[in-house]
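Chains as they are written, first to last, in this note's numbering: chain A, 1 to 114; chain B, 1 to 114.
Keep in mind that the hints were calculated from the coordinates and are not lab data. For every residue, glycine included, the Cβ atom is placed at its ideal position computed from N, Cα and C. Be a bit skeptical, because a hint or two may be false.
Facing chain B, a subset of chain A residues (Cβ under 7 Å, in silico) [stated by the list, open to error]: (1) Y32; (2) Q42; (3) F90; (4) S94; (5) P96; (6) K101; (7) F104; (8) G105; (9) T106; (10) G107.
Covered, in the sense of this in silico footprint (three residues per stretch, anywhere, with C-beta under 8 Å from a C-beta of chain A), are these stretches of chain B [to be verified]: (11) 35-45; (12) 105-111.
Just a sample of chain A residues kept apart from chain B, beta carbon distances all over 12 Å, derived [unchecked claim]: (13) S14; (14) E15; (15) N24; (16) K68; (17) K69; (18) S70; (19) E71; (20) H75; (21) S80; (22) H82; (23) M83; (24) S84; (25) A86; (26) P114.
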Amino acid sequence: AQSVTQLGSHVSVSEGALVLLRCNYSSSVPPYLFWYVQYPNQGLQLLLKYTTGATLVKGINGFEAEFKKSETSFHLTKPSAHMSDAAEYFCAVSDPGGNEKLTFGTGTRLTIIP
Amino acid sequence: ETGVTQSPTHLIKTRGQQVTLRCSSQSGHNTVSWYQQALGQGPQFIFQYYREEENGRGNFPPRFSGLQFPNYSSELNVNALELDDSALYLCASSLGPGSEYEQYFGPGTRLTVT
Numbered sequence: 001a002q003s004v005t006q007l008g009s010h011v012s013v014s015e016g017a018l019v020l021l022r023c024n025y026s027s028s029v030p031p032y033l034f035w036y037v038q039y040p041n042q043g044l045q046l047l048l049k050y051t052t053g054a055t056l057v058k059g060i061n062g063f064e065a066e067f068k069k070s071e072t073s074f075h076l077t078k079p080s081a082h083m084s085d086a087a088e089y090f091c092a093v094s095d096p097g098g099n100e101k102l103t104f105g106t107g108t109r110l111t112i113i114p
Numbered sequence: 001e002t003g004v005t006q007s008p009t010h011l012i013k014t015r016g017q018q019v020t021l022r023c024s025s026q027s028g029h030n031t032v033s034w035y036q037q038a039l040g041q042g043p044q045f046i047f048q049y050y051r052e053e054e055n056g057r058g059n060f061p062p063r064f065s066g067l068q069f070p071n072y073s074s075e076l077n078v079n080a081l082e083l084d085d086s087a088l089y090l091c092a093s094s095l096g097p098g099s100e101y102e103q104y105f106g107p108g109t110r111l112t113v114t
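Put together the whole structure using the sequences plus the hints.
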C-alpha cells in the first residue's frame with residue numbers, strides 16, 4: 001500500500017522568501033510522484049511530476065521538486081514566493097504499471113505574508 | 001479544447017436520499033476517475049472507468065456506483081446518503097488508464113448532506 005505524508009498542514013512565508021513544502025512517501029515499488037495545487041473553490045491543477053529520469057523536476061509557476069529515493073522524499077520548492085502562490089498544495093503518489101489511482105496527502109495550506 | 005466539466009456545482013441533499021453527479025471528460029480522453037475530498041483532507045480515490053468498464057475501486061461501499069457512457073462522460077451515483085458523504089467530489093479524465101497518463105481535474109461538485 002502507498003501513503004503520503006505532508007509535514008505541516010499550514011505554512012506561512014513572506015513574499016519573496018523561499019517556499020518549502022515537505023512530502024514523504026511510502027511505496028513498495030518506485031513510485032510516480034506528483035504535486036498539485038488547489039485554489040479556493042477550484043479543482044486540482046498539476047504543478048509537476050516525477051516518473052523516471054532526472055530527479056530534479058521543474059514545473060509551472062517557478063516550482064520545482066527533487067526526488068530523493070534514500071529519504072523517500074519529494075519536497076516542493078520555489079525560490080521566491082508571490083502573493084498568487086497562496087493556495088492548498090497536495091503531494092500524491094501512484095503505482096507505475098498500475099491504474100492511475102492517485103494517493104494524496106492531506107495537503108498544506110500556503111499563506112503568503114505581504 | 002474544452003476541459004473537464006462537472007455538474008451541478010453545488011447540491012444539498014437529505015440523509016437517505018440518492019444523488020447523481022455528472023462529469024464530461026476532456027476531448028480525446030477515454031478514462032475517468034472519481035475522488036472524494038472531505039473538508040480539510042486530500043482527495044480519496046473512489047473508482048475509475050475505462051472504456052465504459054470499472055477499472056479499479058478504492059475503499060468505498062457499494063452504495064457508491066458509477067457509469068461511463070460511449071462518449072466517455074461519466075456519472076457517480078450515491079445511494080442512501082449519509083452525513084459523512086458531505087464532500088467535494090472531483091472527477092479527472094485522462095488519455096488512458098495507466099499511471100503514466102496525466103489526470104485533468106474538473107472543478108468539482110460540492111455535496112452537502114443534511
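Verification of the hints:
Hint status for A/Y32 relative to chain B: holds, with the closest Cβ pair at about 5 Å, below 7 Å. The interface hint given for A/Q42 is met, as the beta carbon of that residue sits about 6 Å from the closest beta carbon of chain B, less than 7 Å. For A/F90, the shortest C-beta to C-beta distance to chain B is roughly 5 Å, which falls under 7 Å, so the interface hint holds. Hint status for A/S94: holds, given a least beta-carbon distance of 4 Å to chain B, under 7 Å.
Hint status for A/P96: holds, given a least beta-carbon distance of 6 Å to chain B, under 7 Å. The beta carbon of A/K101 comes within 5 Å of a beta carbon in chain B, closer than 7 Å, and the hint placing it at the interface holds. Interface hint at A/F104: satisfied, since its Cβ lies 3 Å from the closest Cβ of chain B, which is below the 7 Å cut-off. Evaluation of the A/G105 hint against chain B yields a held restraint, the C-beta minimum of about 5 Å falling below 7 Å.
Against a cut-off of 7 Å between C-beta atoms, the interface hint on A/T106 holds, since the closest Cβ of chain B lies about 5 Å away. For A/G107, the interface hint holds, since its Cβ comes within 7 Å of a Cβ in chain B; the closest pair sits about 5 Å apart. Only residues whose C-beta sits within less than 8 Å of a C-beta in chain A count toward coverage, and the segment 35-45 of chain B has 7 of them, enough to reach three; the restraint holds. With 4 residues carrying a beta carbon less than 8 Å from a beta carbon of chain A, the segment 105-111 of chain B meets the three-residue requirement, and the given coverage holds.
With a least beta-carbon separation of about 25 Å from chain B, A/S14 lies farther than 12 Å from that chain, consistent with its non-interface assignment. With a least CB separation of 26 Å from chain B, A/E15 remains clear of the 12 Å interface cut-off, as annotated. Every C-beta of chain B lies more than 12 Å from that of A/N24, the closest at about 14 Å, which supports listing it as non-interface. Against chain B, the non-interface label of A/K68 holds: every CB pair exceeds 12 Å, the least being about 20 Å.
Listed as outside the interface, A/K69 is consistent with that label: its C-beta sits roughly 18 Å from the nearest C-beta of chain B, beyond the 12 Å cut-off. Residue-level check passed: A/S70 sits 23 Å from the nearest beta carbon of chain B, beyond 12 Å. Even its closest Cβ contact with chain B, about 21 Å, leaves A/E71 beyond 12 Å, as expected for a residue assigned away from the interface. Consistency note on A/H75: stated as away from chain B, and its beta-carbon is indeed over 12 Å from all of that chain's, at 17 Å minimum.
The Cβ of A/S80 lies farther than 12 Å from every Cβ of chain B, with a closest approach of about 27 Å, so its non-interface assignment holds. At roughly 23 Å, the least C-beta separation between A/H82 and chain B is larger than 12 Å, which holds for a residue marked as non-interface. For A/M83, the shortest C-beta to C-beta distance to chain B comes to about 22 Å, beyond the 12 Å cut-off, and the non-interface label holds. Distance check on A/S84: its Cβ is at least 19 Å (rounded) from any Cβ of chain B, clearing the 12 Å threshold; non-interface status holds.
With a cut of 12 Å on Cβ distances, A/A86 stays outside the contact zone with chain B, its closest approach being about 17 Å. Consistency note on A/P114: stated as away from chain B, and its beta-carbon is indeed over 12 Å from all of that chain's, at 25 Å minimum.
In terms of the numbered hints stated before, the structure departs from none.
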